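Novice: Turn these sequences into a full structure, and let the hints guide you.
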Amino acid sequence: MVSTLRGVLESGGTATGVPGAPPGSLRLHDLGHLHFARMFILDAVTLQSGREIPASLVYMADVDGTAGQHLADLVAQAPAGVDEVFGHCEGYPQLPEDSHRLTWLRSHTLAPAAYYVHTAGRTLAQIQDEARLYSTLQAIVDSGEVVTAGQGPPLVRAGLRHAVLRRSGFSWVTKRPPGPGLVREVRDTLHLYGTLAALLIAGPLLLLPAAIWILLVRLVELTDTQETGAPDQSHVDEVRRFEDIGAQNPFTAVGEVKAGLVRRVTMRVALAGLGFACRHSFARDNLAGVTSIHFARWVPIDDGERLIFASSYDGTLESYMDDFISRLSWGINLVFSNGVGFPRARWLVFGGARDEISYKHYLRRHQVPTPVFFSAYPAHTAVNLDRFTAVRVGINRQDDASAQPWLAQL
Amino acid sequence: MSDSLDLDDLQGLIARGYGKLPAASYLLLHVEDEGPARRLLNGLLNAGSVTTAAQPRPPRAMNMAFTAAGVLALTESATMPAGFAEPYATGMVTGHRSRLLGDLGANDPDGWHWGGPHTSPVHVAVLLYAADEAAMDGWRGSLVADFDAHGLRLLAALATSPLSNREPFGFRDGISQPILAGLPAPDREGDIVRDGEFVLGYTNEYNQRTERPLLPADDDPHGILPRDPDGSGCADLGRNGSYLVFRQLDQDVEGFHAYLDDAARVGGQVDEARREHLAATIVGRWRGTGAPLTLAPEHDDDALAAANGFGYAELDAQGLRCPIAAHIRRANPRDSLPPEPGTPASREVNRRHRLLRRGRAYAYQDPENGPPQRGLHFQCLNTNLARQYEFVQHSWVNDPSFAGLIGVEDPLVGPRLHGPSSFLVPGSPVRRRYDGLPQFVTVRGGGYFFLPGIRALRFLTSTTGLT
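Protein chains in written order, with numbering that gives the first Met the number 0: chain A, 0 to 409; chain B, 0 to 466.
Be a bit skeptical, because a hint or two may be false.
[Said to hold, decoys possible] Covered stretches of chain B (in silico footprint by chain A; criterion: 3 or more residues with CB under 8 Å from a CB of chain A, positions within the stretch not fixed): (1) 201-215; (2) 382-391; (3) 403-417; (4) 423-430.
Note that these hints are calculated values from the structure, not bench results.
Bear in mind that the values here come from a model prediction, so they are computed numbers and not experimental data.
Don't be surprised by glycine CBs; every beta carbon is placed ideally from N, CA and C.
Specialist: Take a look at the structure:
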């Protein structure tokens with residue numbers, strides 16, 4: 000029963016008084032590799048194609064390592080919790096053993112078409128270490144034990160570094176952040192240049208088809224209709240029950256892709272391009288200039304008839320939406336103007352999300368309440384995490400000029 | 000699609016704060032008997048008592064605004080017409096909005112003097128301005144008697160202190176104000192912002208008209224309302240109106256001074272220079288002249304009194320002069336935020352989050368001989384409550400992560416939801432931390448109001464059964 004499952008999902012929030020807290024039985028806090036997780040229910044719908052889609056449960060996690068390993072760890076750590084949640088799904092094994100649970104979970108895994116990470120390769124362990132370094136430095140400065148008036152910034156920085164290194168558990172500070180690792184970097188580089196080379200060779204051949212395709216898109220755009228008016232207030236209220244609790248918010252939304260081959264193919268190509276950009280250009284500290292997103296994913300479901308977009312972002316929905324309108328409307332349009340009801344776009348990138356009020360209503364209307372939202376560092380924004388890393392890197396620098404700006408970060 | 004402001008149809012408060020009328024009083028009313036109430040308000044309108052923006056120096060002034068509950072009560076309607084801003088239609092007091100605005104703990108609406116869940120709903124705010132307290136007294140007295148005789152019950156008559164340019168903590172206030180592009184600009188520095196950010200029905204900083212209530216033409220058979228300038232044929236209930244945010248903010252003046260003195264005490268003596276510097280870093284301007292720390296980092300400077308033509312990016316990107324957490328830097332970060340601090344792109348983002356402030360300070364003696372209560376009747380006008388007022392309140396003023404900060408609250412107005420706060424004052428070679436900042440400002444009442452255009456006011460006081 001969907002309503003029973005809803006109760007299970009909200010049990011953590013009920014028990015702790017913090018809306019969105021995960022069911023205690025899952026013990027998500029004990030997993031050392033889990034940054035964010037969420038669970039939500041997609042209600043049963045009839046798609047525009049006539050297809051009946053039953054209600055479904057979605058679990059999403061942003062982890063260090065692989066999805067497969069995460070699921071294995073989750074099952075090993077909290078089998079009862081996994082049963083309590085996923086036991087409401089059709090086909091979940093009766094009287095399960097760990098291997099059955101894991102097989103079932105893995106067979107229900109969906110890969111995102113595109114996946115954004117604020118800083119690729121920064122593990123939870125690194126984040127926690129660097130946050131600890133930052134607060135330790137703060138405490139040392141506050142104590143006055145190292146810093147004396149009249150000292151020059153380079154000397155103060157050296158003194159702070161020395162004081163930190165004298166304490167146990169900070170020997171890693173002298174090392175560079177590990178990053179995504181050599182294997183990943185080599186693979187990414189090959190992927191980047193391989194794809195660019197292929198495009199360069201095939202480019203001249205693709206120009207004409209691409210131009211024709213754009214004209215086709217423009218043609219179907221002329222018959223687009225957009226949703227109008229404000230979203231239903233009870234829906235807004237339900238979504239908001241789980242919003243603005245900590246520094247971060249979950250954004251979860253689902254929509255149908257417009258019917259017809261042109262839209263389907265355009266969506267697929269746009270997502271592929273987005274995936275490429277996330278992998279090669281956005282993985283340092285921003286998504287096309289937006290610095291408030293920790294993770295984001297675009298997941299086609301129902302054989303590409305629908306798309307889920309989900310992100311973990313800092314601040315409120317209002318600030319998040321304004322960031323997108325002012326900095327990234329072309330990118331939003333490229334993907335989401337292929338969705339049913341989206342504000343009308345022109346030539347795939349113009350208009351659309353630039354229509355402030357229509358766009359904000361559209362997003363709210365397509366949001367899905369997220370009754371479970373877990374964050375391993377609920378008080379820290381992505382920009383905060385970047386600062387922790389910058390402090391860790393900067394403490395080892397030898398040049399005098401960087402010492403004063405470094406001290407100003409404390 | 001730019002068009003010029005119809006000053007005859009704008010209530011005067013949008014154009015000016017009535018600086019020449021030092022006495023102000025705010026009446027909060029509850030509609031008990033809607034028929035007589037409509038007739039009375041409509042009569043005031045027809046008598047020309049409601050001041051418009053076309054009257055540059057009125058001898059006295061009256062403006063009026065309605066909560067959503069007030070619109071429903073006055074017009075005997077069951078539901079609000081579509082197109083009102085969602086925060087307005089659902090009100091300032093909801094569980095979610097209290098989280099968003101920081102109305103928790105000591106600010107909890109449960110304890111509000113007005114506008115909270117345990118006090119009679121506020122329906123109408125009548126804002127009065129007069130040359131002096133004597134003129135105000137007689138006028139207010141006769142109005143209140145009239146209201147009372149016509150089904151408008153007085154919930155509160157909020158008094159204000161005689162207008163000055165200082166707020167109760169002693170700082171110069173109201174220095175930085177956005178300037179409406181469509182109003183004749185007085186000779187002062189400031190951001191010119193498009194009319195639609197403050198007046199409904201005009202082009203805003205997104206080059207669009209902000210959402211507003213548009214009614215089917217049939218709902219306005221006598222053509223009282225202006226028509227939608229975009230040609231839909233709809234009657235434009237929003238045009239020439241604005242949203243008024245009204246919050247009563249108690250200021251703990253003694254607590255603030257005591258904190259500053261304690262923090263600046265060196266060997267039993269208060270170091271005045273240090274105290275004033277601390278005060279200046281909390282606000283971002285020197286208490287004496289209002290000179291901004293960004294331009295006058297070392298000491299107060301008469302030559303820079305109330306100076307406002309500055310940015311943060313070039314002179315003070317790191318917050319070494321004016322801390323990033325300082326109150327005025329949070330409330331108006333100017334050119335200091337992404338995408339590119341110091342550029343027009345950054346200022347463009349900033350212009351989408353401006354507030355036209357109209358509040359006044361108050362001071363009164365507690366009836367039970369308590370300490371004198373001082374504070375600010377904070378008022379601001381804007382057209383998109385979510386993008387302007389609520390955004391500034393949540394994401395700039397109250398956010399401990401504002402602009403990359405790590406757990407630093409607004410030292411002046413922040414709610415201390417996790418106990419006393421601490422504040423970092425820039426210094427060399429490192430900043431100095433001040434601990435134990437208590438809450439200095441407490442919310443005692445509040446509401447979102449619709450300040451209609453004159454024609455919309457006529458419509459609302461002569462119509463029943465909105466849909």
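Novice: For each hint, tell me whether it holds in the structure or not.
Specialist: Verification of the supplied hints:
no.	hint	in the structure
1	201-215	holds (count 4)
2	382-391	holds (count 4)
3	403-417	holds (count 3)
4	423-430	holds (count 5)
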